[in-house]
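Each chain is listed here by its residues.
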Amino acid sequence: MIGGDIIESIITIKDVSKIYRVGTEKVVALECINLEIPKGEICCILGTSGSGKSTLLNLMAGLERPTTGSIVIKGKNIEKMSENGLARFRQKNVGFIFQSYNLLPSLTALENVSLPLVFRGVSKKIRNQRAKKLLEQVGLGTRMNHKPNQMSGGQQQRVGIARAFVANPDIIFADEPTGNLDSKTTVEIMNLITNLARENNQTLIIVTHDVNIAKYADRIVYIFDGNIKKIEKTVKVEGEVI
Amino acid sequence: MNSIDVISMGLRNMWRRKTRTILTVLGVIIGTSSIVIMLSLGIAMNENFKKEVESMGSLNIIEVSRNYGMREGGSTKEVKLDDKAIAKIGAIEGVEAVTPLEFTYWKFGAGKYVGHVSVIGIDTKVMDKFNFEIEEGRLLDESDTNAVVFGSYIPEMFYNPKSSYYYDSSSSVKLISDKLIMTMNMDYGERRSRQSSSNTEKLPEYKVKGVGILKQSAGETDYNAYMNIKYLKKIQEESNRARSRNSRGWDYGESSSDSYNNAMVKVKDINNVKEVQEKIKDMGFNAFSLTDILESMQKTSASIQAILGGIGAVSLLVAALGITNTMIMSIYERTREIGVMKVLGAELGSIRRLFLFEAGLIGFMGGILGIGFSLAVSLILNKAGLSLGNFFGYMGEGSKVSVIPLWLMLASVAFATLIGLVSGYYPARRAMKLSALEAIKTE
Ligand SMILES: Nc1ncnc2c1ncn2[C@@H]1O[C@H](COP(=O)(O)OP(=O)(O)O)[C@@H](O)[C@H]1O
Ligand SMILES: [Mg+2]
Chain A
0 MIGGDIIESI ITIKDVSKIY RVGTEKVVAL ECINLEIPKG EICCILGTSG SGKSTLLNLM
60 AGLERPTTGS IVIKGKNIEK MSENGLARFR QKNVGFIFQS YNLLPSLTAL ENVSLPLVFR
120 GVSKKIRNQR AKKLLEQVGL GTRMNHKPNQ MSGGQQQRVG IARAFVANPD IIFADEPTGN
180 LDSKTTVEIM NLITNLAREN NQTLIIVTHD VNIAKYADRI VYIFDGNIKK IEKTVKVEGE
240 VI
Chain B
3 MNSIDVISMG LRNMWRRKTR TILTVLGVII GTSSIVIMLS LGIAMNENFK KEVESMGSLN
63 IIEVSRNYGM REGGSTKEVK LDDKAIAKIG AIEGVEAVTP LEFTYWKFGA GKYVGHVSVI
123 GIDTKVMDKF NFEIEEGRLL DESDTNAVVF GSYIPEMFYN PKSSYYYDSS SSVKLISDKL
183 IMTMNMDYGE RRSRQSSSNT EKLPEYKVKG VGILKQSAGE TDYNAYMNIK YLKKIQEESN
243 RARSRNSRGW DYGESSSDSY NNAMVKVKDI NNVKEVQEKI KDMGFNAFSL TDILESMQKT
303 SASIQAILGG IGAVSLLVAA LGITNTMIMS IYERTREIGV MKVLGAELGS IRRLFLFEAG
363 LIGFMGGILG IGFSLAVSLI LNKAGLSLGN FFGYMGEGSK VSVIPLWLML ASVAFATLIG
423 LVSGYYPARR AMKLSALEAI KTE
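Chains as they are written, first to last, in my numbering: chain A, 0 to 241; chain B, 3 to 445.
Think of the hints as simulated: they come from the structure by calculation, not from any bench. Note that the coordinates shown come from a computational prediction; the quantities given were computed from them, not determined experimentally. Each residue gets a CB set at the ideal place from its N, CA and C atoms; glycine is no exception. Keep in mind that a hint or two might mislead.
Covered by chain A, according to a simulated footprint, are these stretches of chain B (three or more residues, beta-carbon under 8 Å) [unchecked claim]:
no., stretch
1, 12-19
2, 305-319
3, 345-354
Computed from the model, here is a short list of chain B residues facing chain A with C-beta under 10 Å [said to hold, decoys possible]:
no., residue
4, Ile6
5, Asp7
6, Lys217
7, Ser219
8, Ile333
9, Arg336
10, Gly341
Use the sequences and the hints to build the structure in full.
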């Protein structure tokens with residue numbers, strides 16, 4: 000990533016627009032987006048509220064379809080996939096970290112983490128092994144059987160992170176992952192996410208309005224009113240501890 | 003998503019909402035048992051009909067008679083019921099045996115006892131095929147000519163004309179004996195002979211032997227005696243000729259030795275009775291079987307059952323709405339969860355299976371428990387001997403009010419499960435179509 004090597008891009012967004020129709024009114028969430036994200040990059044999409052960041056992320060994750068343009072991920076046009084095709088695509092390639100954690104309240108931490116593997120049809124034994132390993136990595140080895148409402152926000156987000164990484168996906172999307180956390184926890188969580196992603200050479204796309212978060216990324220995509228204003232590589236000393 | 007996970011997740015969700023699950027299942031229990039109990043009343047009624055009809059005789063016997071009157075087509079041509087026709091009936095597929103019948107009436111003498119007996123002539127070759135059961139002695143066979151088998155009540159019809167006590171009878175009469183007399187002279191053996199004058203010819207008396215007494219059947223065979231039809235027709239003609247001479251030209255009955263008025267057909271399989279009966283009718287004879295009665299009774303009970311089942315079905319319909327409602331509520335509560343599951347890669351089929359499983363299980367549990375409840379109610383109804391059936395008639399004594407056969411149990415569990423699945427179909431579709439994005443947005 001650093002240096003001038005030609006690295007194949009894992010995500011290619013071409014002339015994408017997204018227009019919502021609210022009654023008779025048209026809301027242009029994204030006007031014309033062109034973006035390539037190389038494999039293994041940590042990319043931050045930065046912009047003010049309402050600028051269209053989440054919309055862009057959702058399009059990339061196949062949760063919504065673009066009004067125009069194409070989105071190619073790992074060589075496949077995801078805007079042309081069927082509903083079930085997208086589900087399978089997410090199972091295999093995508094991990095999610097949400098601002099509001101979105102854990103299932105009736106499941107324990109261990110069960111929440113293994114959920115993506117359940118949808119993949121992985122056996123319970125292997126599922127639990129894998130989920131335990133991830134929970135230990137996020138520092139919750141002693142909280143496996145706790146329900147979400149028995150944990151703090153930071154702990155819940157760690158469970159969310161373990162869940163996103165459990166199936167070892169190529170791409171992880173995080174929409175305001177620290178939006179509900181205090182500044183100290185934010186630092187912990189950001190270090191955790193980026194370290195995990197770097198360890199496995201995974202592509203991480205973080206959406207945020209917080210400039211402090213942006214410095215964890217390799218590249219910052221500034222977005223404003225549905226358009227990319229500029230793209231900037233972060234200047235970083237090799238091996239710098241943040 | 004594999005089935006074990008669908009099941010465990012489904013069970014978990016149901017357990018989470020115990021009260022609601024139990025109430026929904028209760029609805030299905032009530033629905034299932036009202037259908038089952040209602041149908042069990044109808045089934046019991048049907049069984050009672052069948053028992054009652056069977057007590058009248060065998061269901062696989064067809065009675066055939068010559069067609070005297072006009073047929074519907076207007077043709078007055080009468081078809082003879084002779085040996086050829088009998089053989090033709092015997093050749094119909096499904097017929098096990100056929101015998102011509104001759105109904106006659108005689109005076110019998112047995113020692114000091116006499117009795118008036120209706121004697122039916124039959125083909126002795128096939129007597130054993132017609133459900134006759136012997137109590138004492140034996141049935142008739144091919145070699146018998148002047149042998150007689152008596153119905154179970156016949157001994158009680160004998161009396162001693164010399165005794166002042168009319169009822170000094172049955173206990174001492176010996177009908178299984180070589181020394182029986184049989185005659186058309188009804189005055190035979192009586193104290194005062196009413197025979198008009200000495201110049202009339204004496205009616206012939208025949209020496210016959212009693213060889214068997216039938217088991218009590220609660221049917222018409224109890225009151226009849228049976229003999230070889232050839233022999234019986236012969237002595238009947240002789241007697242009639244003598245009587246005709248006595249009454250100067252008055253003709254007592256027709257006399258053609260191989261033409262009969264009646265016949266009886268045994269069908270191998272009860273299910274073929276109708277078919278054989280139709281074929282016999284097509285030959286130009288009257289044919290009647292107890293199946294006719296049973297059918298009309300069953301038609302009645304079918305309409306009663308339909309009404310009862312309909313009443314039960316209404317409550318199951320209400321239960322089905324209950325399941326749908328519960329599942330929809332569950333979707334509202336779990337909107338976010340469903341959304342998260344979709345984002346994490348749950349396929350549409352998995353979501354559908356999850357909801358159908360829950361709805362189906364509610365139906366299944368309701369069905370199983372409903373059957374248990376119905377069995378209990380059925381037991382109570384039968385114990386109490388509540389003669390509900392008297393409303394509808396056709397109830398014999400000692401018959402059951404409610405009968406739940408195994409097939410009904412299995413069918414109702416299957417049906418309740420199906421109802422569950424059908425009720426869960428719409429909610430499951432709704433969950434499937436739910437937008438993942440909308441679901442996770444709701445804060
Ligand atoms: N489902 C929707 N229907 C209508 N308008 C929407 C919808 N989703 C987003 N928008 C609009 O699109 C714009 C971008 O939204 P979003 O991508 O959520 O912004 P951000 O995440 O940057 O705050 C906003 O103006 C928002 O009102
Ligand atoms: Mg947003």
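Exercise. What are the numbers of the hints that this structure violates, sorted from low to high?
Worked result: The structure conflicts with hints 2, 6, 7, 8, although it agrees with all the remaining ones.
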